[in-house]
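There are 2 protein chains.
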Amino acid sequence: MRWAVVLAGGVGARFWPVSTARRPKQLLALAGDRPLVAESVERLLPLVPAERVLVVGSPALQEPLRRALPGLPAANVLAEPRAASTAPALAWATARAAAGDGAAAVLSVHADWTVADPEAFRAAAAAALDLAEREDALVTVGARPTRPEIGYGYVVPGAPLGAGSGRRIARFVEKPDAAEAARLIAAGALWNTGMFAWTAARFRAECRRHAPELAGGLPALDRGDVEGFYRAATPVSVDVGLYERTDRGAVLPGDFGWDDVGSWAALARVRAPDAAGNVTVGRAHVVDAAGCIVWSEDGTTVLDGVSDLVVVRARGVTLVTTRERAPHLKELLARLPSDVAERGGEGEPR
Amino acid sequence: MRWAVVLAGGVGARFWPVSTARRPKQLLALAGDRPLVAESVERLLPLVPAERVLVVGSPALQEPLRRALPGLPAANVLAEPRAASTAPALAWATARAAAGDGAAAVLSVHADWTVADPEAFRAAAAAALDLAEREDALVTVGARPTRPEIGYGYVVPGAPLGAGSGRRIARFVEKPDAAEAARLIAAGALWNTGMFAWTAARFRAECRRHAPELAGGLPALDRGDVEGFYRAATPVSVDVGLYERTDRGAVLPGDFGWDDVGSWAALARVRAPDAAGNVTVGRAHVVDAAGCIVWSEDGTTVLDGVSDLVVVRARGVTLVTTRERAPHLKELLARLPSDVAERGGEGEPR
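These protein sequence lines map, in sequence, to chains P and V. Heads up: the first sequence is residues 10 to 359, going by the numbering used here. Heads up: the second sequence is residues 10 to 359, going by the numbering used here.
Keep in mind that a hint or two might mislead.
Derived list of chain P stretches under chain V, where covered just means 3 residues or more per stretch with a C-beta under 8 Å from a C-beta of chain V [stated by the list, open to error]:
no., stretch
1, 299-310
2, 314-322
3, 328-337
4, 341-351
Some chain V residues judged to face chain P by a derived CB distance under 8 Å, without partners named [unchecked claim]:
no., residue
5, 159
6, 290
7, 294
8, 313
9, 315
10, 325
11, 327
12, 331
13, 334
Bear in mind the hints are in silico, worked out from the structure with no lab data behind them. All residues carry an ideal CB built from backbone N, CA and C; glycine is no exception.
With the sequences and hints as input, model every part of the structure.
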């Protein structure tokens with residue numbers, strides 16, 4: 010049967026001062042009225058029933074995730090004993106799917122994406138699962154680039170695989186500069202979204218063959234000893250641990266308006282702007298402003314005669330930066346006094 | 010004897026969202042640690058003893074003013090029955106000074122100025138009182154312009170008056186455009202500060218001769234009937250009601266770093282900026298920012314990679330505008346929903 014795994018363990022400081030360790034990006038209603046993780050699960054449901062959707066997060070997030078996902082069986086929200094990148098999480102979830110289902114096929118997505126066209130998303134997901142089953146491959150879905158983004162990884166398709174649009178993977182390129190991104194796009198490279206599909210059997214086989222970081226712990230997983238598996242595992246991403254090593258990789262293009270909502274600046278893409286290109290959320294008012302992003306959570310924010318700013322008011326902090334600098338919040342936080350960087354982090358509004 | 014009158018009745022919305030009807034600009038610590046009105050009174054004390062400093066405000070401000078001015082006799086803080094511009098307030102205060110002092114000479118200042126050189130300020134004030142007494146004139150002190158400010162009134166000196174640097178007044182020019190301001194400055198015009206000096210006797214005589222707005226009410230004032238005086242008076246400024254009409258006007262130049270702190274943008278002049286020209290007050294942090302003014306009163310404000318902005322966080326509102334637009338806050342407020350414009354006005358922080 011088909012399963013879906015939603016990776017929901019991210020922490021990240023890219024949405025400071027709104028996001029916190031207990032309320033990370035995937036639990037924020039960044040793109041609409043509901044948390045990204047709720048939209049991510051709902052998007053899957055016509056394809057995979059709730060009983061076969063697994064959500065993986067940290068222990069601290071287990072309760073918030075369950076509250077955000079009332080339609081999901083509570084037992085389907087898994088809490089990793091420790092953060093160990095994506096490969097151990099996916100190995101655990103895949104093993105869980107396979108436990109009572111020898112023919113399990115798994116689709117893997119992240120909890121914090123937005124998708125403009127959910128129908129097309131599900132069609133691509135179904136095609137990826139088909140390809141994984143038919144070709145016994147580890148499939149990655151590549152989004153067709155709409156801009157020379159330098160923050161993403163790219164996947165370069167290789168030789169055709171089967172009758173459809175599936176291809177072997179020629180190579181991966183992580184975070185190219187703008188010129189290389191443009192060259193990659195011209196050559197047909199796709200954004201490496203992190204949307205994957207595999208059969209549980211093939212995933213396990215490739216783990217044993219290519220991923221020593223995981224292989225030693227698999228017997229523990231078989232015994233249901235999750236703690237033991239995580240103790241034995243070495244943190245590694247599934248991209249590095251499996252996709253860059255396997256000869257059974259495949260890539261399938263997808264056009265479904267994928268966005269990883271990587272920073273405040275992304276709100277200009279994933280929310281409807283006004284005629285002057287401003288996006289406002291909460292009690293915000295813009296006058297003679299253009300291209301601004303305003304998130305006003307704990308009060309009122311008024312912008313007057315400014316452009317291309319990101320202004321966030323939350324948790325007792327107002328952040329004023331530019332759209333250009335918004336993706337580099339981490340660098341800003343490193344330059345602030347720690348009590349400020351952590352506030353709008355953990356503290357209460359002053 | 011010499012008296013000083015401090016006009017402290019202003020309301021004004023130029024420091025929204027910090028200023029409110031009950032906490033207007035003169036009660037804010039805009040330039041230092043203490044309210045402007047406290048600095049204004051303290052600046053006078055070496056020249057005029059506290060018993061002869063009168064402060065005129067509205068009934069709503071009487072208590073806040075008394076609290077801000079603990080060194081002043083409470084009875085010296087006068088509350089006008091109604092707002093009626095500057096001439097009635099000064100007529101009342103002058104009459105009060107004259108009541109037990111036939112030779113009263115009055116210096117008039119505003120409660121919301123800053124003065125970089127208080128010594129020079131007092132020297133100019135003393136010289137203005139001297140001139141008023143010696144020449145029986147209505148004296149205005151003109152500040153030597155340091156920039157072609159278009160928000161100010163200018164006074165053009167005329168023929169010399171007596172032995173000192175006093176002159177007759179050739180004319181007043183209200184809010185010239187930039188080109189005319191430059192011409193005026195080149196021709197020796199001064200900023201019309203609103204710092205005045207007169208004898209009580211001459212002030213009363215000129216009121217009777219030139220200011221029908223006030224003359225009819227003077228007998229009520231003589232009887233101590235302030236209500237009756239204000240009922241009879243028509244609102245008019247002392248500039249229009251007396252200075253533009255009298256032939257006994259005189260102007261004295263003064264160089265004491267006068268600033269009327271007309272908008273948030275003025276904080277760049279009246280407070281010490283950092284090396285990048287930023288002025289921050291309260292819990293504010295600036296990173297790679299230049300020429301910004303930040304006032305953070307009810308939380309923390311962080312600026313990152315922006316320039317020439319004014320950012321004010323107070324009373325549940327964050328305002329983000331430019332230094333250029335800061336003097337035009339009134340126009341912004343007119344374009345905001347009234348509940349927003351009035352908040353950070355009257356409301357409690359949300």
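Now for the hints, and whether the structure bears them out:
Counting residues of the stretch 299-310 of chain P whose CB falls under 8 Å from any CB of chain V gives 5; the rule of at least 3 is met. With a cut-off of 8 Å between beta carbons, the stretch 314-322 of chain P has 5 residues touching chain V; three or more are needed, and the interface restraint holds. Beta-carbon proximity to chain V at under 8 Å applies to 6 residues in the stretch 328-337 of chain P; the threshold of 3 is reached and the given coverage holds. With a threshold of 8 Å between beta carbons, the proposed coverage of the stretch 341-351 of chain P by chain V holds, since 5 of its residues qualify and at least three are required.
A cut of 8 Å between beta carbons decides the hint on residue 159(V): the least distance to chain P is about 18 Å, and the hint is violated. About 14 Å separates the beta-carbon of residue 290(V) from the nearest beta-carbon of chain P, more than 8 Å, and the hint is not met. At about 6 Å, the closest approach between the beta carbon of residue 294(V) and any beta carbon in chain P falls short of 8 Å, and the interface hint on this residue holds. Annotation: residue 313(V) was flagged as interfacial toward chain P, and the flag holds, the nearest CB pair being 4 Å apart, inside 8 Å.
The interface hint given for residue 315(V) is met, as the beta carbon of that residue sits about 6 Å from the closest beta carbon of chain P, less than 8 Å. With 8 Å as the threshold, the beta carbon of residue 325(V) comes within range of chain P, its nearest partner Cβ sitting at about 4 Å, so the hint holds. For the restraint placing residue 327(V) at the interface with chain P, the shortest Cβ-Cβ distance is roughly 5 Å, inside the 8 Å limit, so the hint holds. At its closest, the beta carbon of residue 331(V) sits 5 Å from a beta carbon of chain P; the interface hint therefore holds under the 8 Å criterion.
At about 4 Å, the closest approach between the beta carbon of residue 334(V) and any beta carbon in chain P falls short of 8 Å, and the interface hint on this residue holds.
Violated hints, in rising order: 5 and 6; the structure is consistent with all others.
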